[in-house]
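There are 2 protein chains.
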Amino acid sequence: MTSSRVVTVAAIQCPLGGSREENVERVISHVETAAARGAQVILPPELFEGPYFCRHEKTEFFSMARPLEDNPTIETFSELARRLGVVIPISFFEKANHAYYNSVAMLDASGELLGLYRKSHIPDGPGYEEKFYFRPGDTGFIAWPTQHGVIGVGICWDQWYPECARSMMLEGAELLLYPTAIGSEPADPGLDTKDPWQRVMIGHAVANVVPVVAANRIGTEEDQSFYGASFICNHRGDKLAELGRDEEGVIVQAFDLDELARMRAGWGFFRDRRPDLYEPLLTADGERWG
Amino acid sequence: MTSSRVVTVAAIQCPLGGSREENVERVISHVETAAARGAQVILPPELFEGPYFCRHEKTEFFSMARPLEDNPTIETFSELARRLGVVIPISFFEKANHAYYNSVAMLDASGELLGLYRKSHIPDGPGYEEKFYFRPGDTGFIAWPTQHGVIGVGICWDQWYPECARSMMLEGAELLLYPTAIGSEPADPGLDTKDPWQRVMIGHAVANVVPVVAANRIGTEEDQSFYGASFICNHRGDKLAELGRDEEGVIVQAFDLDELARMRAGWGFFRDRRPDLYEPLLTADGERWG
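Top line first, the protein sequences correspond to chains A and B.
Counting along the first sequence from 1, when you hit position 280 you're at 280 in this note's numbering, and nothing is skipped either side.
Counting along the second sequence from 1, when you hit position 70 you're at 70 in this note's numbering, and nothing is skipped either side.
If we strip away everything but chain A, and leave its shape as in the complex, we get:
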């Protein structure tokens, strides 16, 4: 007898340039739509409570950060997750005493908070000045055992790192999710990163024999346009669902996690890994000092 365990995932894509209340209402509406279409795991974009403030380096924006334990947005979505019976990773700007992080609160389908992941890889450059705000995360990479599969979540810049994807898989992840805020490069108008952005995550899907879900925002905020292109791909890297550069909505896709586990074993990638040779990965430049 061949086991089957089907989980339906969704990504939300929308503009998020409004107030916190407007953005939360908009995301709630999309979560409800996705759930109505059968989704059990629903991914909103990164830092969806507001405009992507990291284009500026302004001290005043630190006041938007909230602790995990006193966070009305997380409370609202916890209630929604419970009501709809869906898993929702909530991306938010976290204040933890004097440290600030770009974090995800993982909400199970019961509404329970499973815990916290803090973005490990922090970008910095024109339009994406995240090192001004966020301390690099200290949680390590996490695979969450939810009611709808074991789920790994990386946050935006994390998505470019094979180490992040592989680490979540080694912890047991069955689906990889990436909330994102990416678009134009104000300092380099000719640079369109949309294709590389999709390709590197498609590479993770193939290398780990796992579906990948990416949710990005759309719309123009001041001089920056977010390019959407949210997608869901299968374990071969086939894009099964994708939204356009200006398209608001949700994409929904079902996967059989048991069938994926069989295929993952059959491919043999995890059988043939060579941890004894991977010491260079624990260095920044191939050499260890001291």
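Source of the hints: derived by calculation from the structure; they are not laboratory data.
Treat the hints with care, since some could be wrong.
Identical copies carry no separate label here, and so any pair may be met within one copy or between two of them.
[To be verified] Capping the alpha-carbon separation at 25 Å, the derived lysine to any residue pairs in SDA-like fashion look like this: (1) K58 x G266; (2) K194 x E129; (3) K131 x K239; (4) K95 x E112; (5) K194 x A241; (6) K239 x D223; (7) K95 x F62; (8) K131 x R271; (9) K239 x T193; (10) K239 x S184.
Given the structure of chain A, go ahead and fit chain B onto it with the hints provided.
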């Protein structure tokens, strides 16, 4: 002043079902063609001396293995590399006392043997019974400082592993090359791995901001058809050159390694890596025993 260092790379794609002499002559001819088109780094396919014998598990095939130091094929190509002034990684079946490896001898443009890389990841399954022949390599991943750039070479199954690509980059590689023998799956005729095969290497290109060159064989050997699709992609994963599934020939592409180094620094991926969080990569399943 902006520095520039242009290197032209090539991949060879051809059938290799004949005798050793026929195959070597065929590859020599393609090396000469590629060099005439300006190539300075020329990649033949994996184990090009003969048919892909690993489809069977037969003791008699061990007699084809040769030591690095007493190897007429390597001697022939060393002379060719010197004459044409080109770098050639030579894939061969290596006998080292009682151990056998799937290896690459790296020949610099002077004809000098720079050293040896032994395939680290060994596949095993119907049609690809490599674990019967090859001991998993013990050399670790290598970036070779050649006359035409610092070059990393992974061998076939290695190409599915982000750890291999990243390790070569951390050692300083500026180009990643993958000699290959891949095609149909005799036990699973409906499975076509061509797209995932390209996509995972395209993922390495993006994640490491580096061009990737893959050279595969074509043609049918007994019940197995090799699908070619050799390609060269840039640091964004754009396929700049590609051969068809049945097309014999060479593809040639120039890259400015200094410009790539600037773009690699600008992207910031190597700046933002978190080796302190990558311990799980040194495990097989997220846990350390003992």
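Against the structure, the hints come out as follows:
1. Taking the shortest Cα distances, K58 and G266 sit within 25 Å of each other only across copies (23 Å), while inside one copy they are farther apart (51 Å).
2. For the identical chains of this complex, K194 and E129 are intra-copy neighbours only, at 19 Å inside a copy versus 39 Å across copies, given an alpha-carbon limit of 25 Å.
3. Neither within a single protomer nor between protomers do K131 and K239 lie at most 25 Å apart by alpha-carbon distance, with minima of 32 Å and 33 Å respectively.
4. Taking the shortest alpha-carbon separations for K95 and E112, only the intra-copy value of 21 Å comes in at or below 25 Å, while the best inter-copy value is 58 Å.
5. In the homo-oligomer, the alpha carbons of K194 and A241 lie at most 25 Å apart both inside one protomer (16 Å) and across protomers (21 Å), since each shortest distance falls under that limit.
6. Taking identical chains as interchangeable, the C-alpha atoms of K239 and D223 are never at most 25 Å apart, the minima being 30 Å within one chain and 31 Å between chains.
7. For a Cα distance limit of 25 Å, the shortest separation of K95 from F62 inside one copy, 8 Å, qualifies, whereas the shortest one across copies, 63 Å, does not.
8. Taking the closest pair of Cα atoms, K131 and R271 come within 25 Å of each other only across two copies (12 Å); inside a single copy the shortest separation is 37 Å, beyond that limit.
9. In this assembly of identical chains, K239 and T193 lie within 25 Å of each other by CA distance both inside one copy and across copies; the values are 17 Å within and 15 Å between.
10. For the homomeric pair K239 and S184, the shortest alpha-carbon distances inside one copy (22 Å) and between copies (23 Å) are both at most 25 Å.
In summary, the numbered hints that this structure violates are 3 and 6.
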